[in-house]
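With these hints in hand, go ahead and build the complete structure from the sequences.
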Amino acid sequence: MSQERTAVRQRAEAVLRRLAGDHARLREDQWRAIEALVVDRRRVLCVQRTGWGKSAVYFVATALLREREQPAGPTVIVSPLLALMRNQVDAAARAGIRARTINSANLDEWAEITTEIHAGTVDVLLISPERLNNPEFRDGVLPQLAATTGLLVVDEAHCVSDWGHDFRPDYRRLRTFLGRLPEHTPVLATTATANARVTRDVAEQLGTEPTDPAVARPDVLVLRGSLDRESLRLGVLELPDPAHRLGWLADHLDRLPGSGIIYTLTVAAATETTEFLRSRGWSVAAYTGQAEDADRRAAEQDLLDNKIKALVATSALGMGFDKPDLGFVVHLGAPPSPIAYYQQVGRAGRAVEHAEVLLLPGAEDAAIWRYFASLAFPPEEQVRAVLAALPTDRPLSTQALEPLVDLRRARLELMLKVLDVDGAVRRVRGGWLATGEPWVYDGARLRRVAAARAAEQQAMLGYAATTGCRLRYLRECLDDDQATDCGRCDSCAGALFSAQVSPAALTAAQSFLGRPGVQIAPKKLWPTGLAAVGVPLKGRIAPAEQALPGRAVGRLSDLGWGGRLRNLVGPGAVDGPLPDDVAAAVIEVLKAWAHGDDPWPARPAGVVAVDSRTRPVLIGSLAERIATVGRLPLLGRVTVTGPAGADAPRGNSAQRVRALHGNLTVPEPVADALADLDGPVLLIDDLVDSGWTMTLAARALRHAAAPAVLPLALALAA
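Residue numbers (this note's numbering): -4 to 713.
Be a bit skeptical, because a hint or two may be false.
The calculated label-pair distances, taken between Cβ atoms and stated as ranges, are [stated by the list, open to error]:
#1 PRO235 x GLU23: 43 to 51 Å
#2 ARG63 x ARG20: 19 to 27 Å
#3 GLY174 x THR636: 54 to 62 Å
#4 GLN477 x THR393: 39 to 47 Å
#5 ARG63 x SER278: 18 to 26 Å
#6 GLY489 x THR393: 51 to 59 Å
These are computed hints drawn from the structure, not numbers from a lab.
All residues carry an ideal CB built from backbone N, CA and C; glycine is no exception.
Right, dumping it as structure tokens:
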């Protein structure tokens, strides 16, 4: 080793000790990465297990680059989550590195931080990938930032690849950033979850052709290590239903070491699990993407401080949460790929001798995977419709675009981000513009990605079923050529936990999950932009046209009633009479509605059903059963008068209102009967998805003299 490299390594070791303690020493691949970045100014991809010390590489490299006679510019870290950013800022401070972050939560600090960057007082700037295409940041901050960047770090780099389990289109904008960097600016990409295909894809993108043809294509040093996790003991428990899984948790949480994370596949499951465990005396908190940021931060801190036994979380906690002494990770339901599963379980056991990792798969997992798969990139005709609807001379906001295209908001935004990366649209202040540039729908690649996703789902089923070493199975799914039997998992060493559930816990879980009844919140605002499609509705829905708060038996995503309701009203369900057990649940909902904490304002005086072309028998028998039990007159139906398909599901709220407006009619006999009522009408439907069928049917009934409308459905879609 040359004298210069020896001196750099000595300084690197000193910085590491400042960061991680007096006994810390660089791993050989950590040093290879730092050497490549600081001495050789190369581009490096580190594919290393969680807890290996990837952040140490970029903090040490930053310190070395900044302390030179001619200090490098600030390190820019592109990081996916605010939680990760908060942890990184704290870690940087321990190494004497001044880190700042620009994100949606600190808009009022942007000007101050930008001034500090220009003054050279910021060592590290953390930004989200979404920030790269924020018009103000992209046009006002990014050009100078790219020109002065001393080191670019791409954290969670598997997000760059649409072959990765958590592809994010905004990460693809890094190509633009890379193209603006000065020559020989070092670049580091890090991830713990990349198989060989994702590794190749990310490396190729890091090696994007330079804008100057005279400059050689930068080579990428790939450092791929063993993905073994010696502290993790993996196991799978096959339990018959959600009640057994919740009961098992209530019985066995005290046997799981320290504090940990309980992952669920849906927000509803996280909420239900949290509520049940609290009812059994456990201190737990829910963590989902629907929670307020302040609540998520408080829950994170409570877990970090060991004030709670567990966070019950969705994948919103997947990346970026760092608790070295996390003692366990339990999954209620399997993620859709071994790669995603490896990443989530990697949160555990970083600084403890052993941590327990348990998967409790459910029969409903595959249905949930199919639902999320349905939100993927849209078919070509829908993409072309969006491109045709976007002008080239004036921007349209996402809200203004929704009435013109049949796509849900989240799916529309994902598609626009991909089109922006591809150059077909551009985000500007006020919305989106079409660029007019030629664009090709890469159907073959999308089909290959979909096939890869399906293969990953099968591999996850294989993980649960394997009789071989479970950690070896995961490592081989990530193409770890050093994979060997771990000797610790339930296959290698025998099961540590029994599947036994105490009668008391099982009875409590069955009772908890068997409780029917969730609220249907009434709509109070019309979707924006309806005038553009000829619907004269805007602003607030008049109180005299609104439905009252309603009720449903449950959500399709519920742990308790979800499976039963999916069989009745989910995709592929066959129409038929209302089963007795569900009828009994409806009666329980009505009783609780009448006498519970939030009762209806007056007893219903009549029953009206929503017409259905897909499940007329189910809805008809539901309305008849309610009328009979409640001794109420069955007045008839709100009919769909439009063409076939007018009542079919739509992609977004604006399209749904457009399809239904003027096509829901109250027949004259029903209207005549409404005029004689002295109480609310129960409005019956099978499934509330967007909520607009109930809203417009209630509006039609109110126009026809119904004193009030109480919606009642079998299920909420979410």
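Quick rundown of the hints versus the structure:
1. At roughly 48 Å, the beta-carbon separation of PRO235 and GLU23 lies within the given 43 to 51 Å, and the hint holds.
2. Distance hint for ARG63 and ARG20: a CB-CB separation of about 24 Å, consistent with the stated range 19 to 27 Å.
3. Between GLY174 and THR636 the beta carbon distance is about 56 Å. The supplied range of 54 to 62 Å therefore holds.
4. A hinted range of 39 to 47 Å holds for the C-beta pair GLN477 and THR393, which are about 46 Å apart.
5. Against the hinted window of 18 to 26 Å, the Cβ-Cβ separation of ARG63 and SER278 comes to about 50 Å, which falls outside the hint.
6. A hinted range of 51 to 59 Å for the beta carbons of GLY489 and THR393 is consistent with their spacing of about 54 Å.
In this structure, only the earlier hint numbered 5 is contradicted, and the remaining ones agree with it.
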